[in-house]
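Visitor: For reference, the chains in residue letters:
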Amino acid sequence: MPPSETTQRVAVLAEPTSRRLGVAFGATLLRDLNRVRRRRGEVLNPLVFYALAVSLFPIGISPEAELLAVMAPGLLWVTALLATLLSLDGLFRSDFDDGSLEQMMLSPQPLAALSIAKVAAHWLVTGLPLALMAPLLGIMLALPFHSMGVLMASLALGSASLSLIGGIGAALTVGLPRGGVLLSLLVLPLYIPVLIFGTGAVQAAIQGDAVLPHLAMLGALLAAALIFAPWAIAASLRISING
Amino acid sequence: MALSVEFKPVFDCVGWHVSLSLQGRQLGCERDGRWLFEGLDIDVHCGDIWHVAGPNGSGKTTLLKVLAGQFNEFCGALHWQGKPLGQSREHLAANMLYLGHSPGVSAGLTPLENLAWYEALHDECSDATQREAALAVMGLEGFEDVPVGHLSAGQQRRVALARLSLTPRALWILDEPFTAIDQAGVEALEAQLLAHARAGGAVVMTTHHVLAIDHLLRHVALG
Numbered sequence: 001m002p003p004s005e006t007t008q009r010v011a012v013l014a015e016p017t018s019r020r021l022g023v024a025f026g027a028t029l030l031r032d033l034n035r036v037r038r039r040r041g042e043v044l045n046p047l048v049f050y051a052l053a054v055s056l057f058p059i060g061i062s063p064e065a066e067l068l069a070v071m072a073p074g075l076l077w078v079t080a081l082l083a084t085l086l087s088l089d090g091l092f093r094s095d096f097d098d099g100s101l102e103q104m105m106l107s108p109q110p111l112a113a114l115s116i117a118k119v120a121a122h123w124l125v126t127g128l129p130l131a132l133m134a135p136l137l138g139i140m141l142a143l144p145f146h147s148m149g150v151l152m153a154s155l156a157l158g159s160a161s162l163s164l165i166g167g168i169g170a171a172l173t174v175g176l177p178r179g180g181v182l183l184s185l186l187v188l189p190l191y192i193p194v195l196i197f198g199t200g201a202v203q204a205a206i207q208g209d210a211v212l213p214h215l216a217m218l219g220a221l222l223a224a225a226l227i228f229a230p231w232a233i234a235a236s237l238r239i240s241i242n243g
Numbered sequence: 001m002a003l004s005v006e007f008k009p010v011f012d013c014v015g016w017h018v019s020l021s022l023q024g025r026q027l028g029c030e031r032d033g034r035w036l037f038e039g040l041d042i043d044v045h046c047g048d049i050w051h052v053a054g055p056n057g058s059g060k061t062t063l064l065k066v067l068a069g070q071f072n073e074f075c076g077a078l079h080w081q082g083k084p085l086g087q088s089r090e091h092l093a094a095n096m097l098y099l100g101h102s103p104g105v106s107a108g109l110t111p112l113e114n115l116a117w118y119e120a121l122h123d124e125c126s127d128a129t130q131r132e133a134a135l136a137v138m139g140l141e142g143f144e145d146v147p148v149g150h151l152s153a154g155q156q157r158r159v160a161l162a163r164l165s166l167t168p169r170a171l172w173i174l175d176e177p178f179t180a181i182d183q184a185g186v187e188a189l190e191a192q193l194l195a196h197a198r199a200g201g202a203v204v205m206t207t208h209h210v211l212a213i214d215h216l217l218r219h220v221a222l223g
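Those protein sequences? They're chains A and B, same order as listed.
Residues in the first sequence are numbered from 1 upward in steps of one, following the UniProt record's numbering.
Residues in the second sequence are numbered from 1 upward in steps of one, following the UniProt record's numbering.
Hints listed in this document are in silico derivations from the structure and should not be mistaken for laboratory results.
C-beta atoms are modelled at their ideal positions from N, C-alpha and C, and glycine is treated no differently.
Please note that a few of the clues may not be correct.
Unchecked claim - Now the stretches of chain B that chain A is said to cover, found in silico as 3 or more residues with beta-carbon under 8 Å: (1) 28-42; (2) 80-92; (3) 111-121.
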């Protein structure tokens, strides 16, 4: 660390210029994916939890295919919801602990946009794999084959809302030493609409009813979450950091 | 318009055609029913190195956050370049480098990735060579691609400090920059702070170290 007097650069006071939001958004998304790539275990945890928890139901309730098929949509959705919940606590935790959140707050980019990049990364490594994995577990629960596509679509759409809504809870509790339980209490009631329309879509597919209205409702919930969650997450993070 | 120049170090601010001024008047901050500090005046101009001193819990970090425009629950007036902070917050942010109490480097990323992310946040474009050079200044050659989590605490702090030479900013606000840094590193960092001030920049920092450049610093004592 030699003193670099001759090369010391000091900026003349710079006017704030219009910064490219896309660059910061992409960099934050890639940064989180990069971190996950180095710690694969954390990604696998919710998936393994999902597989294990779902496999408990045939053992605990009954291995009868007819009975399981009736319950399958609800079981698959509730367990996916719990698996998402399990992964939320870490969403902002490490950035809070190592001071990166402070730097995000000081950046010229809106904190709301940067936190959405983080939530998007969370969905890519949690919600999307859960949705892709669900049909395998559906087979175990004797879910009719023709409803697998709808199961995946509803989970993919719904889990994005779950990540966004959960992000609010994670941002609010990130400053607390053991915020996990409080996080569940805050977030679970907000998950109910997503759960209703998610299971509704799969049940409609099983019975041969129209699926699109349910998926459209999930899409509407996602749109609403996309509009409101970023600001709520940013405001919660500010409270957590300066609290 | 963003201006960024190679500035020849001078030993006073003559010729420094844009003067820098961060002015706090009657600053006060209350936490949990207790005044951390009140009635505090501070004037930061180009060429200044301010040392915020005080015992643990006396509000040093809070004062730095207030000065960085990050913490708004304070009383008193804060002016950047003569304008109240409300109007000049973005301008301050574009000219300030704040390194907090935690180094702000992510353990899961390599030093190079950390620096690249900071630059993307501020939409500054330098290439990998410049980042490597900045890390080399901090004595981190050979560690560019090691995840930060595998580095020592002092090395992690150095990754954050590498931004000092990577990003040209006029005002540095540094919270305990010497924490976990070895003796040689402390001396080099002191020299870097001095060079920055002589080049017309300004520094506000907290530290519990007794510095060799102590007589050149301006002091504000809390608590």
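Visitor: Return the numbers of the hints above that this structure violates; sort them in rising order.
Guide: 1
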